[in-house]
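Just so you know, the protein sequences line up as chains W and L, in that order. My numbering puts the first residue of the first sequence at 5, with every later residue one more than the last. My numbering puts the first residue of the second sequence at 3, with every later residue one more than the last.
Calculated from the structure, these hints are not laboratory results. We treat Cβ as the ideally placed atom computed from N, Cα and C, and that holds for glycine. Check each hint, because a few of them may be wrong.
[As the list claims (entries may be wrong)] With the Cβ distance kept under 10 Å, some of the chain W side facing chain L (calculated, not the full set):
# : residue
1 : Gly21
2 : Leu25
3 : Ser61
4 : Ala90
[What the hints assert, rightly or not] Label-pair distances were calculated between CB atoms; the ranges are:
# : chain 1 : residue 1 : chain 2 : residue 2 : range
5 : W       : Glu131    : L       : Leu176    : 37 to 47 Å
6 : L       : Glu187    : W       : Gly250    : 41 to 51 Å
7 : W       : His103    : L       : Arg248    : 39 to 49 Å
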Amino acid sequence: MSVSRGADAVLRVQLSGDWTLKQGLPAAEEIVGELASQDQPVSRLVVDGTDLESWGSGLLTYVHGLEARARDEGISVSLDGIPEGARRLLALASAVPAHVTPHREMDDDLSARVGAIALQLWTTFGEALDFIGDTALAFFAALRGRARFRGQDVMHAIEASGIGALGIVALINFLIGAVLAFVGAVQLQQFGATIYVADLVAIGMTRELAALMTGIVMAGRSGASFAAVLGTMTVNEEIDALQTMGLEPTEFLVLPRVLAASLMLPALVAYADLFGLAGGMFVGVSLLNLGARSFMGQLLSALAVRHVVIGLAKAAAFGVVVSMTGCFYGLRCGRSAAAVGEATTKAVVMGIVLVVVVDALATVLLHVVNL
Amino acid sequence: MTAQIEVRGLTMAYGASVVQRDLSFTIERGQIFVIMGDSGCGKSTLMRHMIGLNAPAAGDVYYDGEAYWEQDGDRREALGHKFGVLYQSAALFSSMTIEENVSLPLIEHAGLSRSASRDVASLKLALVGLSGFEEHYPAEVSGGMRKRAGLARAMALDPDILFFDEPSAGLDPLSSRRLDDLIRELRDSAGTTIVLVTHELPSIFELGDDAVFLDAERKTMIARGEPNALKQSSDAKVRAFLNRDRL
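Could you build all of it, start to finish, from the sequences and the hints given here?
Set out below in structure tokens:
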């Protein structure tokens, strides 16, 4: 490439050799500087391609860029010896004037950003309340036998969120029971009260930990799955299709999932209780030498019905919370692949947070009423 | 001289069910070649075999005499850089701006710097009439614009061959006409070979230099030639299809 000045303020840019993308793009600063020069104004720019060997987008981008700069400076451009094909493509590139995007006013002030986040949270809170209300209405409609949804969707959700989780729930609760027994034993041994490990495991697992751990597993498995499925349905306009058919998404999609989860989670927790106790007993018998018979006796005497029932009731609540969180974020998902990912993440995080919050509230409430 | 693309004895199948068998045809450099046929005949599947997404059950696709499916992974990838594909739904990456979509192959495969890729992407977008939409996300523009943005991405690396899967699907007649004009202009000025999968009659007659007709029932190609000439084909189905008659 060479640049030369001719008579009558003509700037001549001579291009030679390969101008494909493989060669990369040369900088245009020098020529742009010449074009904008005040001392030696340029009135015409000639781009000469007589010595070009091959061309591709590299040439087009470069010449198109020069043309644009020249136009800005009010300089006329002529193309000399530029291959016919390239000339036509350049004409095509200039055919449609650039769309001017209205400048988006971005207020970057700290207070403005905090305000925007607060407003966003407030909106989400309002939408969540709406959603809870809609789901409750759908539930009452179902009680009166008026809700439109398919029984097989409930069965499918039961299978996916319940039976599919058996393995991981068993493993996690067995290990938590074992850890609980072990940690408790280290402390209780100091008082020669190792046998009370059985009480710790019985009450700790059935009343608190089995429900909590299973709820968290549920948030990760089913909450995520509900959000991803409903989110993808939103992207595919399937939700819109349901609505135009006169089927309410809350009745048709949310209700079966909430029913399935709130039925399955207590069942899963009952099953988890067994594995939690087994985990505790395994440690008690094999590591703490407590004797199977005495451990079992102590365990059963501590295992009051109310602890089990409280655990199961909490599990039902977790089921409702986790499944509704998943559905909520799925239904308000944006219309892109990234939005589905975002909805799923939010569903899982919020699901786990809410499970723990509900658990804490329940513990305080039960303490107040002395249960 | 060998044809730029040759499909030889190609049989396509999903598992045991054969989609099309014994397809053989050639596509010359700079041609606009139409793959047509009724819905479900395997037009798009044929395109998927040609661009390396589905492996053939038998036969092969030759690019300048080189059998695509006999090559190893690296060579296939190199052959893949020769062609650009515009998918039916444009398949733009929704989490990237339109400019980033076009820049992605420029950075990853042409090794351009970020600023150079931005310049080239702007040019490509100007070519398809989308100058000024660089910073928009795909969800923020219309269907026709998404198609054109997809085309800008397909031709990012100056491909020798451009594949189009149902380019006018879902476009209004004006947008569809505009896209047709653009396709022809690309062929005329850059000499790009165009392979068009479509059943839109106006586009077929407007653009097609040569065509192959796939039949869903007989599971093979039943006609081959210039679309306007095929209107008088000896096969009743091809005639009915192209003349929009009832069978």
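Going through the hints against the structure:
| no. | hint | verdict |
| --- | --- | --- |
| 1 | Gly21 | violated (17 Å) |
| 2 | Leu25 | holds (5 Å) |
| 3 | Ser61 | holds (5 Å) |
| 4 | Ala90 | holds (7 Å) |
| 5 | W/Glu131 x L/Leu176: 37 to 47 Å | holds (39 Å) |
| 6 | L/Glu187 x W/Gly250: 41 to 51 Å | holds (48 Å) |
| 7 | W/His103 x L/Arg248: 39 to 49 Å | holds (45 Å) |
Hint 1 alone, counting from the list given before, is not met by this structure.
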